[in-house]
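Trainee: If you use the working numbering, the sequence shown corresponds to residues 1 to 246, in order.
Check each hint, because a few of them may be wrong.
As a list, the in silico DSSO-like pairs of lysine-lysine whose alpha-carbon atoms are at most 27 Å apart [claimed, not checked]: (1) K220 to K117; (2) K117 to K89; (3) K220 to K177.
FRET-style restraints, in silico, Cβ to Cβ [to be verified]: (4) R182 to Q7: 15 to 23 Å; (5) I122 to A38: 45 to 53 Å; (6) A50 to S151: 31 to 39 Å.
Calculated directly from the structure, the hints in this document are not laboratory data.
On a predicted model such as this, the values are computed, not experimentally measured, just so you know.
Glycine included, C-beta positions come from ideal geometry on N, C-alpha and C.
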Amino acid sequence: EQARSTQMQMVAERLRNSLLSAISHDLRTPLATIVGSASTIVQDEGKLKARDRLELVQGIVDEAERMSNLVNNILDMAKLEAGVLELNKQWYPLEEIIGTVLTLLHNQLTGRPVRVKLPEGIPMILADSVMIEQVLINLLENAVRYTPPGSGLEISAEIADAAVEIAVADHGPGIPKGQEERLFEKFYQSRHETAQSGVGLGLAIWRAIFDVDSGRIYAKNRSEGGAIFIFTLPLDQPPPSVEPEE
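Let the hints inform the model, and build the full structure from the sequences given.
Mentor: This is the structure we're talking about:
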C-alpha cells in the first residue's frame, strides 16, 4: 500500500512538472504577443497605418483565442481526471454535425478541398454534439496545421461492429513511425519545432473521453499516403423513430 501510494505521488509529481513546463512556454508565448501588440497600439500616437493597426488587433484576438483554448484543454483534462466531466447525450444526424463543423471552420479551410463521404441511410448517433464537433474541429485543425497548403482533406463514416466509425484523413507527410499511440499522450507533440503553440492535450482529452464512453480513437498512416484519425461511437441503442410530417 505504501509502495502504491509512493508511485501515485511520483506520477502526480511528474504530471505537475510536465504541466508547469508546458504552461511556462505555451501560455507565455501568446501572452507576450498580446502584451507587445497592445503596447504598440497604446504608444501609437497616430504613427501606425490603419492596416498595421488592424493586423495588431487581429493578432491580439488570435492569441487570446489560443490562450483560451489552452486553458480550456487543461481544465477539461483536470475534470476528466477528477471524474466530474459529464456528457450531454442526445440523438443527432451525423451529417448535421459535420455541416456545422465545416461552417465553423470555413475560414481555416479556405483553399482546402474537403470531401465528405457518408453511407446512405446512416442512422442518427447518440452523442454529445458539442464534444463530437470539437473532436472534428481538433482533427481538421491539426490536419491543416501539419499538411501542405492546398492539399485535400476527407471526412468519412461507416458502420462496423455495432459502431459508427468516423474518420478524418489528409494527404500530408503522415505520422512518424512509432508515434501513432504517443500522439494521444498528455503534453506530447510530434513536432516540437513548430511555431504553433499548444500544450498537447487535445488528443489526450479525446482518448480519455472515448475510453470512458465505450468508444475508441486512434490514428494510423494510409497506404496511399497521409494520416487518418478514426473515432468510434457505439450503436448500442436503436435511434428513435421519427413520424413523417403530413
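Trainee: Each hint: holds or not?
Mentor: Here's how the hints hold up against the structure:
1. K220 to K117: Distance ~19 Å between K220 and K117 Cα, so the pair holds.
2. K117 to K89: With Cα atoms ~24 Å apart, K117 and K89 stay inside 27 Å; holds.
3. K220 to K177: Holds. K220 to K177 sits at ~9 Å (cutoff 27 Å).
4. R182 to Q7: 15 to 23 Å: At roughly 22 Å between Cβ atoms, Q7 and R182 fall inside 15 to 23 Å, so the hint holds.
5. I122 to A38: 45 to 53 Å: holds (48 Å)
6. A50 to S151: 31 to 39 Å: holds (34 Å)
In terms of the numbered hints stated before, the structure departs from none.
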